[in-house]
Amino acid sequence: MNYMKKFLKLVNNIIYKYYFSFLIFLITFNANSQIIDDFDGNLQLNHQTFNEDESIGAEKREPYSNGYINLIWKNNKFTAGQRLEFYKNPIPGFEEYAGQGISHRFLQFRDNNFDIIIGDFYEEFGSGLILKTYFDPGLGIDNSIDGLKIKYFTNSNIYLTGLIGKQKSFWDNQNDGMIRAINADVNLNNLLFKKWSTNINMGLSFVTKKESDNNPLYILPENVGAWNGRINMSGRKISVNIDYAYKINDPSSDNGYIYKNGNALIIESNYSVKGLGLVMGIKRIDNMSFRSERNAILQDLNINYITPLTKQQSYSLATIYPYISQPNGEMGTQLDVYYKIPKKTRLGGKYGMNLNINYSNMYSIEKSIYVDESLIGESGTMGYSSNFFSLGNDKLFQELNIELTKKINKKIKLLGTYINVQNNDQILKSQPILSNSNHEYINANIFILEILYKIKPKHATKIELQHLRTKEHFGNWAMGLIEYKLSPHWFWSIQDLYNYGNPEKDTHYYSISTGFNKKSNRLTLTYGKQRAGLFCVGGVCREVPASNGISISLTSSF
Amino acid sequence: MAFFLLLINISMKKIILITLLCFLFKVSAQIPAVDIKDLNGNIINTAKFENNGNPIIISFWATWCKPCKQELENINDVYEEWVEDTSVKLIAISIDDARNSSKIKPLVMSKGWEYEIYQDSNREFANKMGVSPIPHTFLLNGKGEVVWEHVTYTDGDEDELYEKILEISE
Amino acid sequence: MKRIYLILILCYSCDKIDPPYTQNTTQLSEKTVLIEKFTGHKCSNCPDASRKIDELSEFYGENLISIAIHPGDLPEFTGTDDNYTYNFTTNSSDIIANDMGANFLPLGTINRIEGGISNRCWTKEEWATQIDDLLYDPNGEPLSKNIDIEIFNSFNEKNKTLTIQTNFTLNTSLEGNHKLCVLIIEDGIIAPQVDGSDYIEDYEHNHIYRCSVNGEYGEEISKFLLPGVPSSGDFVGQFMYSAEHLTEINTTNNINWTSDWANISNCFVVAYIYNTKTLVIEHTEKHPIIND
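Chains as they are written, first to last, in my numbering: chain E, 1 to 558; chain D, 559 to 728; chain B, 729 to 1020.
Any given hint could be a false lead.
Said to hold, decoys possible - If you only want the chain D side, here are some residues facing chain E, beta carbon under 10 Å, derived: (1) Pro590; (2) Lys595; (3) Asn600; (4) Thr621; (5) Lys647; (6) Lys669; (7) Pro691; (8) His694; (9) Asp717.
Stated by the list, open to error - Okay, derived cross-link-like pairs now, EDC-like style, lysine to aspartate or glutamate, Cα gap no bigger than 16 Å in a straight line: (10) D:Lys606 - E:Asp111; (11) B:Lys744 - E:Asp213; (12) E:Lys519 - D:Glu721; (13) E:Lys429 - B:Asp926; (14) E:Lys456 - D:Asp717; (15) D:Lys624 - E:Glu450; (16) D:Lys669 - E:Glu403; (17) E:Lys151 - D:Asp593; (18) E:Lys406 - D:Glu631; (19) E:Lys519 - D:Asp717; (20) E:Lys274 - D:Glu631; (21) E:Lys518 - D:Glu718; (22) E:Lys151 - D:Glu682; (23) E:Lys519 - D:Glu718; (24) E:Lys407 - D:Asp635; (25) E:Lys410 - D:Asp635; (26) E:Lys458 - D:Glu718; (27) E:Lys411 - D:Asp635; (28) E:Lys407 - D:Asp713; (29) E:Lys454 - D:Asp713; (30) E:Lys210 - B:Asp743.
As the list claims (entries may be wrong) - The following label-pair restraints were derived from C-beta to C-beta distances: (31) E:Glu52 - B:Gly916: 39 to 45 Å; (32) E:Lys88 - B:Asn884: 56 to 62 Å; (33) E:Asp53 - B:Ala990: 41 to 47 Å; (34) B:Asp930 - E:Asp53: 51 to 57 Å; (35) E:Met202 - B:Gly843: 42 to 48 Å; (36) E:Gly235 - D:Ala605: 25 to 31 Å; (37) B:Gly843 - D:Ala605: 23 to 29 Å; (38) B:Pro870 - E:Asn113: 55 to 61 Å; (39) E:Lys9 - B:Asp876: 43 to 49 Å.
Everything labelled a hint here was simulated from the structure, so no lab data went into it. All C-beta atoms, glycine included, are put in the ideal place defined by N, C-alpha and C.
Required output: the full structure, derived from the provided sequences and hints.
This is the structure in structure tokens:
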């Protein structure tokens, strides 16, 4: 056993010393290859400077650079890959990423029945309600599992997956928690309902994490298991998806060390015919934070992903008061209507008009004192009991979006949007506040007009005007943007966000940008001020301070 | 796995050198084999994408990405002609995760798009294809090799794509 | 083959714990642990941390000594305004908060050991495990203390002067240089605090860091060693503070605390000795100023 260890250590040292040369060899060798069929990858590089700016509360910082490069080699049935990453002077929220090195490496084999991967891998069971590991560098999320995954599939559409490993936390993959999981996805049409025109797919997963109990105060479960069952029925016009998850006692920092089980139910259905689409979803989450380590916070070591049920916004003023997912308890609904008002009608005009209405709301869940206990949510107790069908006392969020898109003629297209948003920041407590104020229940109305004007072929401009009106928090905002695009390579834009209703001082956040793209490469350069934002994961928010400076971004794939 | 060091100290200069070499030594690629889902929840293997030896367009998009929807909308206006003239097939891969996946089919149907639509909700296929910002559109020739790709979209970009399709159709 | 794998996994799967969920205390240790809790009156999660310290104090009794510091460099949580008028910050405790890495709240240092979420700061869930590791060895046996500290306070009511005498004894010979730090804390300050969504006007703030007596980082114990005394066994060093130094400890930039000793019966002297190289605290003691 000792010799084995010494041998591995020797191999380790050799790889360490000569790794760089080895990598160069691998990259250049493939041009001549019988061994390597394909070599490709992609990269992203970012650089941002921070100047002092008293008018927006921006501080001077060292310039922040970060980037990654993915390299993938393929031969017949084997694939090997790695990702090199570096972070220099990271901003708050990314401090633990400081440094550089190999953040991801794997070896994969795939044929007609097996898909086996050893090393770091990403995986999602269903919609991710008990397991989703993914890479999102913008949010600083990389919770890949380092271990072994075996996937087996047959021609009759049964997919079985088994995996075991430890999750990655920043640069460290030797944390205490270990994950073991199995998943089955079955298409029932091939097995049972062969003649049905409705597609029925079922899935069943089981995930367990193992972490030792070092806590002197409480007796903690070392093995915490969660299971998930899902069924999707898809017909020609209607489809329904039901997703249910259950987790046994999992006292953690997220839920205040209570012993209650967790459960989640998400039901989504939609109806689609040509020209009309309807979507309805309801969801209820109760104590479903699930991490590899009990005391991890923010974006660190999440095993699962709680699907947000609110609209994903892209307009800048619409992203000021977002809803923050509450894994400890939330319930709500969402409705969407997509309708194309037909051409040649009075409203539709020559080309038709697209209408999208979205409505969503979120409430807290009902909590009452558990038998024999005296408080709700006390550490070291069951915590609370909750009636599944009752709404909680607090409305956390509500949003109504109405969006109309109309093409006027070959040159002009208009988009008009109205949003009413109610954000209970009193409870969510995610917004930054002014001194002498408290977190409030915010009620805001937003109007947005976007005009797309095609001057001549290959020359297009966009004008965006937005206005947010509210009596609470920072008051009213106005925003204007002009963008000019020259096909196929260039764009220029200038914008200003003006918080004129701010009770303390009205502030302009202006910026100019330009970008160049060719084939699969893109370079953008932005100079100006950025307003303070929120960095929120799993119910906890950190403020990202306002900044003033230059930011450069390069993405490329090869 | 403990014997495969995670924190090898590769300096910035070395990373830049590796980057430059990658651009020089690139090899033309076949698309990787990844499991993704169709709009009915059935699992499909990307290696099985085929169009009888005719060109295939693979476009990565999402329901929240305006330029992506604009590109697919503009191509939709001329899609019938394209198919008639070149037998090209457009496969649109949505990288929407569970948050928006139930909205894909209703959105597509309301707009009347005639493409083959798939869901890559954990970005597995997108990562293997080197896709980061979207829209990212690829053109595959009759043998399934990537011969052209483009990121971002401006009105009129689809003309360049069509010229390329005509080129490889001959 | 697949079936076996399945069964193996399910066997390891689930620990369902039945109540009671708390463990019983083991035998008392001789050592003490100092927890410097960083908190703020505008920090809504901070009262939870105070409750956690109360829970830990019940569990560990006199082995746990706590100090509360409101870091002045986090004004969104510790600054004053119309609703939160009391200023809990002091110059010397601000220096400590910055050096320990308190960049959000609530956090706490545990004998200033290295690690945790930021420099030497730990989140409240991690406190129990770290405290336990300092008081007990891996087998659960209580660890013995390396230093003994005794504090004698005498307060003269008539001319409002305070004399502090701190004697320390080394039970084993200690390697490296050490410093002794003496400070004063106060209990029972009634002032506003936000707790979750509630604004509590008459919240009771305890263990508040009021002033340092011999500098925020103390002084080398070599200054106080008694000549001619053997290096362990009898008490080896003595630190004396008396009324002449009064004006020095007045300059703490906290208008709410003056040395007229209005709440003397709520005040305590805390003294700790730490290793100057590792910065880890060896032993701490606390003693009320007015002895009953």
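Original post:
Can you list which hints this structure breaks, lowest number first?
Top reply: 5, 34 and 37
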